[in-house]
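Line order of the protein sequences matches chains E, H, R and U. Heads up: the first sequence begins at 64 in our numbering, then just goes up one per residue. Heads up: the second sequence begins at 64 in our numbering, then just goes up one per residue. Heads up: the third sequence begins at 64 in our numbering, then just goes up one per residue. Heads up: the fourth sequence begins at 64 in our numbering, then just goes up one per residue.
None of these hints come from the bench; they were simulated from the model. Cβ coordinates follow ideal geometry from the N, Cα and C atoms, glycine included. Please note that the accuracy of each hint is not assured.
[To be verified] Below are the DSS-like pairs computed for lysine-lysine, each with C-alpha atoms no more than 25 Å apart in a straight line:
#1 Lys233/R x Lys253/U
#2 Lys253/U x Lys253/H
#3 Lys253/E x Lys233/R
#4 Lys233/E x Lys233/H
[Said to hold, decoys possible] Taking beta-carbon pairs under 7 Å as the criterion, some of the chain U residues facing chain E (in silico):
#5 Ala92
#6 Gln106
#7 Pro115
#8 Arg148
#9 Glu337
#10 Ala348
#11 His349
#12 Glu402
Protein chains: 4
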Amino acid sequence: MRDKVRVGIIGATGYTGYELLRILRRHPAAEIGFCTSESYAGQRYREVFACPYDYPLIAVEEAPLGEVDVVFLCLPHGVSAPVARRTLEAGARAIDLSADFRLRDPAAYERWYGHKHEAPELLPVAVYGLPELYRERIRGAQLVANPGCYPTSVILGLWPLVRDGALERKTIIVDSKSGVSGAGRGASLKTHFVEVNENFAPYSVGYSHRHVSEMEQELNASGTGPYELTFSPHLLPVNRGILSTMYVWLREDWSAQRVRECYEGFYANEPFVEVLPLGQLASLAHVANTNRCVISISPVRAGHYIICSAIDNLVKGASGQAVQNMNLMLGFEERLGLEY
Amino acid sequence: MRDKVRVGIIGATGYTGYELLRILRRHPAAEIGFCTSESYAGQRYREVFACPYDYPLIAVEEAPLGEVDVVFLCLPHGVSAPVARRTLEAGARAIDLSADFRLRDPAAYERWYGHKHEAPELLPVAVYGLPELYRERIRGAQLVANPGCYPTSVILGLWPLVRDGALERKTIIVDSKSGVSGAGRGASLKTHFVEVNENFAPYSVGYSHRHVSEMEQELNASGTGPYELTFSPHLLPVNRGILSTMYVWLREDWSAQRVRECYEGFYANEPFVEVLPLGQLASLAHVANTNRCVISISPVRAGHYIICSAIDNLVKGASGQAVQNMNLMLGFEERLGLEY
Amino acid sequence: MRDKVRVGIIGATGYTGYELLRILRRHPAAEIGFCTSESYAGQRYREVFACPYDYPLIAVEEAPLGEVDVVFLCLPHGVSAPVARRTLEAGARAIDLSADFRLRDPAAYERWYGHKHEAPELLPVAVYGLPELYRERIRGAQLVANPGCYPTSVILGLWPLVRDGALERKTIIVDSKSGVSGAGRGASLKTHFVEVNENFAPYSVGYSHRHVSEMEQELNASGTGPYELTFSPHLLPVNRGILSTMYVWLREDWSAQRVRECYEGFYANEPFVEVLPLGQLASLAHVANTNRCVISISPVRAGHYIICSAIDNLVKGASGQAVQNMNLMLGFEERLGLEY
Amino acid sequence: MRDKVRVGIIGATGYTGYELLRILRRHPAAEIGFCTSESYAGQRYREVFACPYDYPLIAVEEAPLGEVDVVFLCLPHGVSAPVARRTLEAGARAIDLSADFRLRDPAAYERWYGHKHEAPELLPVAVYGLPELYRERIRGAQLVANPGCYPTSVILGLWPLVRDGALERKTIIVDSKSGVSGAGRGASLKTHFVEVNENFAPYSVGYSHRHVSEMEQELNASGTGPYELTFSPHLLPVNRGILSTMYVWLREDWSAQRVRECYEGFYANEPFVEVLPLGQLASLAHVANTNRCVISISPVRAGHYIICSAIDNLVKGASGQAVQNMNLMLGFEERLGLEY
């Protein structure tokens with residue numbers, strides 16, 4: 064039997080880092096090489112989270128990038144790109160969970176993120192890590208840009224229709240709701256329990272959330288657009304999960320039957336995407352703690368449909384998808400360690 | 064000083080009944096005449112809720128309708144109408160919190176509610192109890208149909224634009240989210256804590272929820288329609304509150320400035336409606352435990368706007384609005400007992 | 064009719080300050096004179112909380128202490144005492160919600176709070192503001208030390224037995240559970256939504272929480288002690304409320320009947336304390352958003368009883384009790400503005 | 064490689080059944096033979112829970128007991144015992160998650176459960192399935208009585224001290240708090256979201272909860288008792304988890320050091336029990352979704368300690384422990400399928 068692959072986690076003490084560790088510890092073919100933390104370097108992992116994981120936390124500068132096969136980068140955008148470069152230089156593969164390599168156009172990156180890209184030379188080699196769209200390219204990649212949480216739910220929910228050019232109107236209304244772990248583990252008034260609990264609030268509505276750029280890039284890559292997105296994220300008083308309710312208007316010749324066949328055909332062999340039977344609606348309960356994306360289709364009236372798409376933002380929306388990408392990059396069975 | 068008015072509550076042991084009692088006990092001009100309960104007749108109120116309210120619970124048949132000035136009806140639709148008739152016959156005013164008198168057209172009622180109307184002769188005298196639209200008629204009414212919770216949030220959120228005929232497209236997307244008390248106090252798997260907590264789910268999406276009929280009736284009463292609503296309710300893991308996120312497309316000559324003036328003008332003197340300044344977004348925290356409706360306006364792109372409207376479903380969406388209607392019917396100051 | 068009293072709130076932008084404002088705005092005999100805020104001076108109140116309260120926020124140094132009748136101090140311990148002194152010098156009454164004047168012994172204060180008392184000369188004139196124990200002294204007080212939240216629930220729950228010297232063992236086990244608002248509005252990992260939600264955790268158990276000092280002082284003031292407290296606070300994933308479950312061992316001649324009579328007799332005329340009938344158990348639902356303390360008594364076996372005591376930590380445990388104290392100090396009816 | 068063992072689940076559509084299925088599907092050596100359901104027989108599993116598990120649900124009478132190796136019984140007490148008998152007669156091993164075989168004395172069973180035992184002849188062969196106490200006996204068992212959730216947390220939290228006879232006083236105060244899944248999936252007002260959320264309440268306090276019998280049996284089996292338990296369960300507004308806060312008084316010669324060594328020694332090789340270092344306190348976050356029991360020890364004063372013990376009521380408190388027992392009974396590695 065072959066040795067296990069060694070993986071390193073950069074930025075292991077945020078929620079995505081913790082989730083990665085939980086998944087990778089159960090992964091039968093991976094073992095943890097190192098964990099870094101900016102805030103807790105010098106401590107043990109189990110001092111930072113209420114868990115028994117007893118890894119030392121080191122500073123990112125001390126990470127032995129060359130001694131592992133894969134490095135997961137759970138860093139803020141801007142900070143991540145240079146570490147990705149060093150990772151590749153050290154000969155390891157990099158899976159970047161930040162936004163740094165998601166946008167192929169550095170000008171778009173600068174526009175949406177407010178600063179110049181830190182490693183534009185790597186953009187051409189980065190692969191957008193949504194396996195349902197780019198599986199083959201991911202298999203050969205050295206650098207994968209793990210998609211954002213909202214974009215994962217939205218792109219998977221719309222892709223079959225977009226790919227087939229089914230939309231009559233290019234306007235798509237996306238009303239998304241996310242659990243609080245999506246906001247990160249940093250302390251702030253916005254994530255204070257009393258401010259969030261028993262509350263529900265929209266934020267950055269319309270066309271201002273950075274994830275819009277990623278959704279547009281991918282939907283427009285279909286060649287059937289350009290699409291005009293209206294995106295309204297809301298903060299849900301739950302720990303994890305994203306539900307996106309999407310409103311689309313299709314061409315006349317798209318019957319409800321054809322819509323179903325379009326989705327079911329496209330996702331027929333996908334291990335982590337499920338299209339619910341007519342009459343059932345996607346919910347967070349369908350996906351919590353799994354790497355699944357569950358999609359429901361509701362006809363409203365001729366040509367008008369509501370698509371609901373649910374994921375766990377920490378799993379399929381971040382760390383689970385990252386491991387799915389790792390499995391592809393390393394030639395493992397795609398489901399390995401991600402069974403539900 | 065005049066004597067207090069006496070009020071009776073029919074169906075006092077649901078969540079709207081409990082909320083009514085909480086409000087009315089603090090109301091300086093009202094006193095409780097009787098409380099009925101189908102499930103708990105013969106017990107005391109304090110045995111049914113964790114509260115110190117020590118009223119006897121009687122069967123509805125025993126309610127001395129003629130000994131009170133106002134009767135609040137918190138009954139299921141179909142059951143409510145005959146009791147409303149008896150209330151009027153007994154000489155009291157009736158405020159009906161069920162759906163029985165909200166639709167002016169008995170055929171529409173039968174279509175949406177699945178059975179014949181039980182008191183169609185009263186429909187012409189019933190007034191739809193949304194004070195911001197029908198204040199003068201409510202003042203003289205003997206029978207008020209208290210609006211539904213979702214319709215209150217949606218109609219108040221759209222009315223200024225609809226009244227002024229600002230919509231270019233007659234299609235309106237309404238994505239609503241409601242707390243669990245809106246589902247009533249009856250035990251069911253759908254309201255089981257474990258099924259709702261850490262979950263979030265759409266239900267009855269598209270054009271199937273009964274409240275659509277009420278929204279359409281009122282929006283179309285503007286004469287600027289007809290409007291085509293797509294309505295998606297979702298169940299939020301909170302006790303109370305509704306937030307409706309609405310997507311509209313306006314005529315070219317409606318600038319953001321004009322939209323604001325339209326709302327601010329219409330609601331300028333309303334005691335319970337607030338239009339937030341640009342850049343702020345309505346949330347449940349704005350309205351919890353108050354009789355307020357808080358509205359925010361977000362421009363997306365030319366002609367396209369997101370309107371968010373928040374209410375507490377048990378207060379402005381039910382019992383608070385019922386007391387507001389009582390205040391109007393009896394000539395009290397409209398805010399009496401509803402200060403926040 | 065007399066003019067309203069004017070009140071000032073020092074530190075108005077924490078949770079107790081917000082709760083005070085909510086109560087005082089509905090109080091028929093009070094009006095807001097000023098609100099201070101360390102963090103938000105220069106802004107308006109409505110910019111800090113999702114509410115319509117439109118007060119200017121000023122720095123504490125600019126507060127016109129002499130132009131109001133009563134000043135509520137919602138400041139951290141240590142910071143509060145000097146402002147209390149200035150308040151009294153300016154001729155206003157002070158109700159201090161910090162811990163600064165709760166302990167009568169400055170040495171005890173120094174031991175538990177880790178620094179010297181800032182205004183020891185005022186300790187002899189401060190009255191511990193628990194109306195059920197010190198009503199008459201509060202009526203004449205210029206400076207009231209509003210009790211801590213845990214001590215309010217514990218002292219009210221034990222006092223009748225302690226006063227009558229009913230305890231065989233001087234050991235009392237107090238297992239308390241508090242909502243998150245008790246931890247204040249400052250952002251920290253401990254109050255991050257994801258850390259608290261779906262979690263439940265003890266903290267500072269045994270004999271280390273500062274509120275132990277206050278409980279011991281008051282229970283021992285009965286002359287029937289000294290008592291030995293074991294106090295275990297826990298953090299509950301709710302916004303508000305404290306439930307204390309207390310275990311006591313009584314002398315042989317204390318039958319269940321006598322225990323009940325002891326509590327019912329002592330609290331017979333108390334407007335805000337309720338002793339539940341046998342078989343019912345106190346819960347947060349009994350007290351949420353009210354100034355009530357609800358107590359239940361459960362016999363376990365001969366001489367051994369469980370006393371449960373519930374309050375809303377922001378109301379009876381802080382701001383409601385402060386207003387109750389204000390009512391007493393100013394000769395108002397004690398319930399004024401605190402009806403439930 | 065040997066074939067997988069086949070398992071059947073009787074009563075698969077409650078929360079423990081669902082959790083069993085989740086664990087067993089990931090178990091590398093088990094496969095699902097059948098699932099029964101009283102309420103949903105004839106439907107598919109995925110119609111009952113928001114999950115992709117596509118098993119047919121059959122009536123218990125139709126379960127092919129003889130075609131599986133192990134049967135998990137997730138039935139109410141009283142109903143379970145006869146099915147256990149049939150399971151053994153069919154040649155399969157039985158792991159009973161009900162209370163039917165936990166008490167060795169049928170008279171005690173009748174006293175606490177209010178009806179005669181339905182299969183008293185099996186009591187002598189049933190083994191109490193707490194591996195930390197009875198590992199060897201479980202290995203050879205045909206019938207295992209899976210412990211109750213509260214008893215698991217309490218017995219594991221107290222056992223080292225009890226075994227060594229460390230307690231000076233035989234009185235033990237146990238203040239437990241449980242998530243709502245412990246109350247089952249049946250719809251009732253007590254588990255209605257609005258009644259539980261933002262609430263916290265004790266129930267069955269003192270000496271009345273049925274699980275007391277189980278705790279006493281096991282603690283007294285040490286021979287160092289008899290112990291006198293005071294047990295206060297409370298309902299927490301979370302889905303899963305139990306935290307028990309326990310108050311004990313030890314003999315003089317039990318220093319804090321000796322207490323630690325007692326626990327650390329006893330649990331040194333236990334795969335699922337962790338004793339936290341001094342200063343850390345057990346919480347639900349330590350154990351959620353794992354088969355772990357986490358214990359903390361807090362000295363209060365000479366001889367007086369607070370022991371906190373946390374488990375996930377659905378995993379170590381039910382289905383995880385059942386699989387741990389299965390692993391032992393079938394000679395698998397004890398951790399198999401239960402890694403965290």
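Hints violated by the structure (listed by number, smallest first): 1, 3, 5, 6, 8
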